[in-house]
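There are 6 protein chains.
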Amino acid sequence: MRQVWWNGKLIPESEARISIYDSALMFGDMVFEMTRSFNKLQFKLKEHLERLKQSIKYVRIPLEMTVDELRAACYEVIDANDPEFEPDDEHRLMINVTRGLLSTYKDVDIPKGPNVIISDFPLRWTTAGMGKLFDTGINCVIPSQRAIPASLLEPKVKSRSRMHYLMANIEVAQHKGENNWALMLDPDGFITEGPGYNFFIIKDGVPITPHERNALRGISQRYIYELCIGIVSRANIAPYDIYEADEAFVTATPFCMLPVTSLNGIAIGDGKPGSMYSEILKYWSKQVGVDIKAQIQTWDRGGNVGASTYSFK
Amino acid sequence: MRQVWWNGKLIPESEARISIYDSALMFGDMVFEMTRSFNKLQFKLKEHLERLKQSIKYVRIPLEMTVDELRAACYEVIDANDPEFEPDDEHRLMINVTRGLLSTYKDVDIPKGPNVIISDFPLRWTTAGMGKLFDTGINCVIPSQRAIPASLLEPKVKSRSRMHYLMANIEVAQHKGENNWALMLDPDGFITEGPGYNFFIIKDGVPITPHERNALRGISQRYIYELCIGIVSRANIAPYDIYEADEAFVTATPFCMLPVTSLNGIAIGDGKPGSMYSEILKYWSKQVGVDIKAQIQTWDRGGNVGASTYSFK
Amino acid sequence: MRQVWWNGKLIPESEARISIYDSALMFGDMVFEMTRSFNKLQFKLKEHLERLKQSIKYVRIPLEMTVDELRAACYEVIDANDPEFEPDDEHRLMINVTRGLLSTYKDVDIPKGPNVIISDFPLRWTTAGMGKLFDTGINCVIPSQRAIPASLLEPKVKSRSRMHYLMANIEVAQHKGENNWALMLDPDGFITEGPGYNFFIIKDGVPITPHERNALRGISQRYIYELCIGIVSRANIAPYDIYEADEAFVTATPFCMLPVTSLNGIAIGDGKPGSMYSEILKYWSKQVGVDIKAQIQTWDRGGNVGASTYSFK
Amino acid sequence: MRQVWWNGKLIPESEARISIYDSALMFGDMVFEMTRSFNKLQFKLKEHLERLKQSIKYVRIPLEMTVDELRAACYEVIDANDPEFEPDDEHRLMINVTRGLLSTYKDVDIPKGPNVIISDFPLRWTTAGMGKLFDTGINCVIPSQRAIPASLLEPKVKSRSRMHYLMANIEVAQHKGENNWALMLDPDGFITEGPGYNFFIIKDGVPITPHERNALRGISQRYIYELCIGIVSRANIAPYDIYEADEAFVTATPFCMLPVTSLNGIAIGDGKPGSMYSEILKYWSKQVGVDIKAQIQTWDRGGNVGASTYSFK
Amino acid sequence: MRQVWWNGKLIPESEARISIYDSALMFGDMVFEMTRSFNKLQFKLKEHLERLKQSIKYVRIPLEMTVDELRAACYEVIDANDPEFEPDDEHRLMINVTRGLLSTYKDVDIPKGPNVIISDFPLRWTTAGMGKLFDTGINCVIPSQRAIPASLLEPKVKSRSRMHYLMANIEVAQHKGENNWALMLDPDGFITEGPGYNFFIIKDGVPITPHERNALRGISQRYIYELCIGIVSRANIAPYDIYEADEAFVTATPFCMLPVTSLNGIAIGDGKPGSMYSEILKYWSKQVGVDIKAQIQTWDRGGNVGASTYSFK
Amino acid sequence: MRQVWWNGKLIPESEARISIYDSALMFGDMVFEMTRSFNKLQFKLKEHLERLKQSIKYVRIPLEMTVDELRAACYEVIDANDPEFEPDDEHRLMINVTRGLLSTYKDVDIPKGPNVIISDFPLRWTTAGMGKLFDTGINCVIPSQRAIPASLLEPKVKSRSRMHYLMANIEVAQHKGENNWALMLDPDGFITEGPGYNFFIIKDGVPITPHERNALRGISQRYIYELCIGIVSRANIAPYDIYEADEAFVTATPFCMLPVTSLNGIAIGDGKPGSMYSEILKYWSKQVGVDIKAQIQTWDRGGNVGASTYSFK
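Protein chains in written order, with my numbering: chain A, 6 to 318; chain B, 6 to 318; chain C, 6 to 318; chain D, 6 to 318; chain E, 6 to 318; chain F, 6 to 318.
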């Protein structure tokens, strides 16, 4: 059975449960990161853990662990679980940090102090059903629910106080058609992010992503800079710009990049996954030695992918 | 040991823990109510449960339980725990409803579907240290953190996605002096509520509480209407109005009413608990047969209060 | 053939066309009213014309006609067209006022100065397909498109510069299900109106309609005051309030009142047309001597309604 | 007599009239472009038509015509009308696209479906009285009327739902002095555009125009980039910046560029048309083979300009 | 020569000067009141001084003087100056309170601590030229300059930090026509106040003045409640409401009430001072024993008014 | 005794007092500049005077003096005062410009017209107590008071209408700890400036300062560009960015640069003055021939600094 790292101990996954008296369940007071591996090697783990430290600092959880200690814990849980995984599985980590039991409830028979909880599960859980989207593309839908601006709730802090993300998802599920994913506007009418992914358009050969104001600073988003040698720009993106764009895509850790082929049902470009999108995805795949699209599609077909399916000439 | 009601079963309090894969811990996607008893009789339980049903409806958790079933569950847990309580304890219930395990994690060995979790603990936990405030009053402090307006996150839905409440509390803890409680403005500069309590001023004999826009509709707040036979008004309250008020107080379930004697360190009225405040509190105590202030102060002194301390001539 | 009144002359309906050089087609610079009859008698015509005069005044169209002259023109066109109408038809008037040819285009061979254009057509055109809604109710849907607040474009001026109404309608047409009608929020998140109708909830026996800020002052809306002897209130209405309401309905000149039975797919009350709604509609029908619901449903069935179908015991 | 192209037919200009039942006259639901020629050659016609296609796409008018077909139609009407024009006239096209008759009015005896209407008239109509402004400059005045931000009504869509432009013009006409042109702020207090023109300042040799947020993307505005080999920047421009600027000017298709010599009556720079402005205008004139200023001033004097008045050494 | 009361001493008016190192001249950090007499009797002096105390409290000037002591000082200066006044003069007091010398400048040879400065001058200075407005009425003009909302700068605190009032006045002076007075909107587009006066409309016999949000709580404004036995209401007033009103007027201490006969040049009601306005003014005159209008008009003509010009039958 | 330059005359400092009837004391209607010397040589005096002229232009004070005349006046007062100064003193000038006596008060025995008032005092007055901050750094605190955005009150105009700056200072004085300086957010949640200083972070070797929107354009701020050869960027800076920064500092004329070592009590970088900060300060010191830090610290110790304490190898 899969194990979860909890404050230095490994416990069974089904025991990874947080007391209802923990601040996490009182205020959504938990910060977290979620990672993935390529060929079982964690990708950008240091960047994830540094962002986690920023979140911890911002919300003032008094946790002493360093990035190195957190990293060691991550590898401990991976090592423990790997035998349980399929050979072609990738490790998806969820690293949660809570402030711990509220002092009001100090008489409850539960340990005090912050909790660091690292769980590890197959990435294919998260990507289930996404395989076809690499071919069809996503239809982004702008819900009535607006993103909460950073002045009120900082989205750059990756916290669990994000009911509005779920409300956006629920709203978009009311729309006709398939493959609808929410894309949220801030109150000024600019694109921020989806609930769990960053957004890009490509116009005249340049990937453009929203200003850093009201969205998480995605690690996949930032990796696009690396892949494109910095030829990426930031802008206030309004729906008009998307309709006028040549291509669009979203980025997130589990699927890396998925094409967006329409907005509110109106085709972007020719309504198909864009060629520059495909080039970047291929280059990403090459960098990490995994055919990202093929891996996810194979999982969706229930098939097995070898650890080295992706080779470039 | 205290028991917790969980989907129909009673489990030990220390086992009342929610899986990290539950939607509650992904999005703050849990709605709740917290109640209290007077002389061991639950107060306004029906109103609390009806508000809970509204929260459930708003966030679309597919829960079938009726208000009557919820009420029965509440009494079941009270009956189970009462022998563990001191004779002078009051029962504070925390009723949590989660959407349950996210479908992504369906392979985790955890039951699926919504969870209803009712815990029951001594009210004195919550009121610890508040006894003296009935005499000194609170100094409300307006933090830089603004309330999130209802258009972005509905505060009338009592959810756990409220990191900004905690941030307000942390900020106010940086202020000099004692007895500082946060009082939040909305982005328009009007008083909304504190993190967990409603706010009133009294001006020319009339209690005034903020418009219903950007605050929870407090059950204690509404009870003030009953106690004052409806002579309560709603207004946009700005800090200027508080400085000009004769008295001020806050309301919440555990302590009912506490006086606010200053705002940002500037005295309200004569800087002492107001006489009308005291009258209403006395009347409330009489209605429920418990001297609210004496009970909490006795608990704070570690003393015992009999079940019938409060008698009116 | 139906005739249209144009600056004092009657012309064929198909000739009621406005030059592309008219300010109306440059800026949406046309104000208007639309009325209806009951048993061929115009309803609240004076109120409509007075509101039209306010619109004209606000946008500063230099028109000299008085309300009485406008009324005379209305009756002139009705008299001319009545022989063309079915016996059970009602007269729907559309009264448009444009500023006229922009001076830039003074050399175009078109008359100068404001145009008053009154057309008259069967009300059944407008109500086509609405009959069933009296029984099923409407599902109001809140689109991402927000109402433009009065500080930027005054909705109390009934002008033709309202592309955002159409955008809201188009957006709502993307939603699943049937009978979806747009209900717009202002940027503060409060209900304003639909594109062409006002909105009410009923809570504890009191009809409540939004504050007068960001919506047209509907003549049907105001008539609800008369029918309810003033027991109507104004409030900031948020979606939460609608979910909590007992009933809801919309008002507009052609259909008078239609029940709203859900919001964004969530049932309001028991999800059926409300009893108070039905009472008010019956009372309205009685006042005007026409069974409003039966008339529209009969038209939808292609049947004929006599002029005196509605009698009260 | 001038002809207008209407869905493939040429009709007399005075017959270019749109039914009052067309969506254009219900909602301001018409998108358009206006062009001009230099020496009878259309300028940037392709760019205008591509922008028109974007407007059509955004508002979802189901029009099938391609840019090439639209262009062919433009030339057809020019060819038909040229004999009616003076030898020194330029062709100003107005290309309107409406959604067509609303389905409610399907029984009116009028064709259904979108309408493409291309009219063609002498540019001198539009520029009448502007000749002197090349020498005196414009006094821009900031009215109380704010621009509607793109989040509520997208100004990059060139639609006819723009009553607020007219309201701004009317308001500015109440100001003392002459040559007052409206310059609109958005609700954040930044310059957007005038009703029909874009705005530039020049500071330290660099033309600066507002960020792309809340203004039409002007084709003349973009041409300044070409003329200045890209040395143009975008900024949030507040009135303070204009008072501090060295020069200012506005751009629009009919007059290309006009100097702005004061804002709200306060001189910009030395209060005279700027030297860099003059250089750019000269360069523009050279590029198109027409002395833009001389042409418009000659028309204003009632004189005739030859087709080749402008030659550069 | 007129004397000024300065921290307990009387000094010549020309010496009533505040050091450039006083906080008043660093931050506009001075609060004040201005009063008037009727027949040499101060009107509502207590209300003015109580409001002054609120201002002092809000900005935290550590002044010990009580309302009674302030009142005594007022009468001291009046008594000293009265022999210098004309028999028909009224005493206008200006009561300024500064925080005093900033501690940075403690070495400047100037007394430390708060300053209370009470000057006293003929009311006719302030009302000069206003006489005719009782007959012509004012044309209120809405400038582009918006009122600063209370959340940013509390207008209920009567401070000298009000450059934006002056900017509004300057802007309105650019408008055509005469008798233009600024009337400011808040950023939401609602009427607040003029720079120094409150605003009322009358609709269907009820005086209506803006909600208390973003305007000074005028003492004359409040006196209208007394004169109208409370039949006054509060509302969000937009320009549309003014155009629709029957009458309008402004209130302020020096002139009490002046009619507003147009807004932005558009007539309100019949464009003449309203009858209800005149009734209220007459009643006010009767209450205070001074024909308010006649007194100011007589001063404007350079004539003398006796102390008892106003008698009612 | 120190002299003050007043409209061409030198008067004793204690006589530099402004009439209570001056517009400066009615509306905060005074614009100003404050400068300093290095080794008795004025620094960037021309830039200060040009900015002053922009302020004068913006608020429309009809002053005729040129920058050269203003500069001559500055030197006149410096020459007059220098003998009164310590040898190691620096000259701090305060240049105030008022609109002058309001016309209402024209009968007061005071000169009319604008006033130019230049005072000159030892810089050590202003820097008193700041010496230690070069070593400890400042703790910036974000108050609830927001900066007034430029659309309502232009902060680039250096006026005396800035009560909100003082309110921010007062609020921050309520915080625990020492060395707390206010740092204001605009209503969008972005850093603007402190009351009298600009703000910078350093991230990856690049100094970053807020966009020019809602803050004074500081002359010291701009000098950082010179010192860093333009390697400075502008950004929307939110608190999150500060927590993530490597260093932070503030700039203002008297102290040039002070390190910011924490925000709201959370350490920035390692919580000590940053190394790049120190480098820039050293470079600045070298450019002006004064060891800025040593000079201020010496003054604080009551010691004397020679005019040439700072020499570079």
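Worth flagging that the hints you see were computed from the coordinates, not collected in a lab. One should not assume that every hint holds.
Since copy identity is lost for identical chains, a pair holds within one copy or between any two.
[Said to hold, decoys possible] Using 25 Å as the maximum straight-line C-alpha spacing, the simulated PhoX-like pairs for lysine-lysine come out as follows:
1) 137 - 181
2) 277 - 208
3) 62 - 208
4) 287 - 137
Predicted model only: the values in this text are computed from it and were never measured.
Fill in: Hint check against the structure, violated hint numbers in rising order
none
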